[in-house]
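Mapping the sequence shown onto numbering that gives the first Met the number 0, position 80 (from 1) lands on 79, and the numbers just tick up by one.
Don't read these hints as lab results, they were simulated from the structure. It is possible that part of the hints are untrue.
[Unchecked claim] Straight line, CA to CA, 20 Å or less: simulated DMTMM-like cross-link-like pairs of lysine to aspartate or glutamate:
{"no.": "1", "residue 1": "K11", "residue 2": "E36"}
{"no.": "2", "residue 1": "K11", "residue 2": "E39"}
{"no.": "3", "residue 1": "K53", "residue 2": "E77"}
{"no.": "4", "residue 1": "K53", "residue 2": "E36"}
{"no.": "5", "residue 1": "K21", "residue 2": "E36"}
{"no.": "6", "residue 1": "K15", "residue 2": "E39"}
{"no.": "7", "residue 1": "K40", "residue 2": "E77"}
{"no.": "8", "residue 1": "K92", "residue 2": "E39"}
{"no.": "9", "residue 1": "K4", "residue 2": "D14"}
{"no.": "10", "residue 1": "K4", "residue 2": "E36"}
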Amino acid sequence: MVRVKRGVTTQKRHDKILSAAKGYYGRASSNYRVAIERVEKSRQYQYRDRRRMKSEIHQLWIQRIHAFSRQLGNSYSEVLSGLHQNQIQLNRKMLALLAVQEPLSFVSIHSLLG
């Protein structure tokens with residue numbers, strides 16, 4: 000029976016890691032042993048930061064709504080409770096977008112709150 004040689008498979012795996020490590024500093028971009036550690040760590044950072052980015056964007060929406068509603072004389076919580084009481088279904092993303100790009104629309108929604 001013919002034995003299976005794994006040289007091609009190993010080389011492809013190494014090339015895949017080294018191409019992912021392209022641009023890294025020092026031996027991390029050219030040495031497989033160092034590169035695999037750096038690539039694994041960068042993937043951990045990517046996983047963590049994808050979730051962190053969602054949280055930061057959500058915080059930014061809240062800050063924008065809060066800042067614009069302060070100019071109109073209300074707090075963020077008063078605006079959101081007014082929206083819920085009047086059954087206006089706008090999420091924070093849309094409210095922040097209105098506050099930044101369509102301030103007159105935000106003012107008209109704010110006037111509906113009472």
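Checked hints:
1. K11 with E36: Holds - the C-alpha atoms of E36 and K11 are around 17 Å apart, at most 20 Å.
2. K11 with E39: holds, 17 Å
3. K53 with E77: The hint is violated at about 24 Å.
4. K53 with E36: Distance of about 26 Å is beyond 20 Å: violated.
5. K21 with E36: Status holds; Cα separation ~13 Å.
6. K15 with E39: Cα-Cα ~13 Å, so holds.
7. K40 with E77: violated, 43 Å
8. K92 with E39: Not OK: K92 and E39 at ~33 Å, beyond 20 Å, violated.
9. K4 with D14: holds, 18 Å
10. K4 with E36: Roughly 26 Å separates the two Cα atoms, so the pair is violated.
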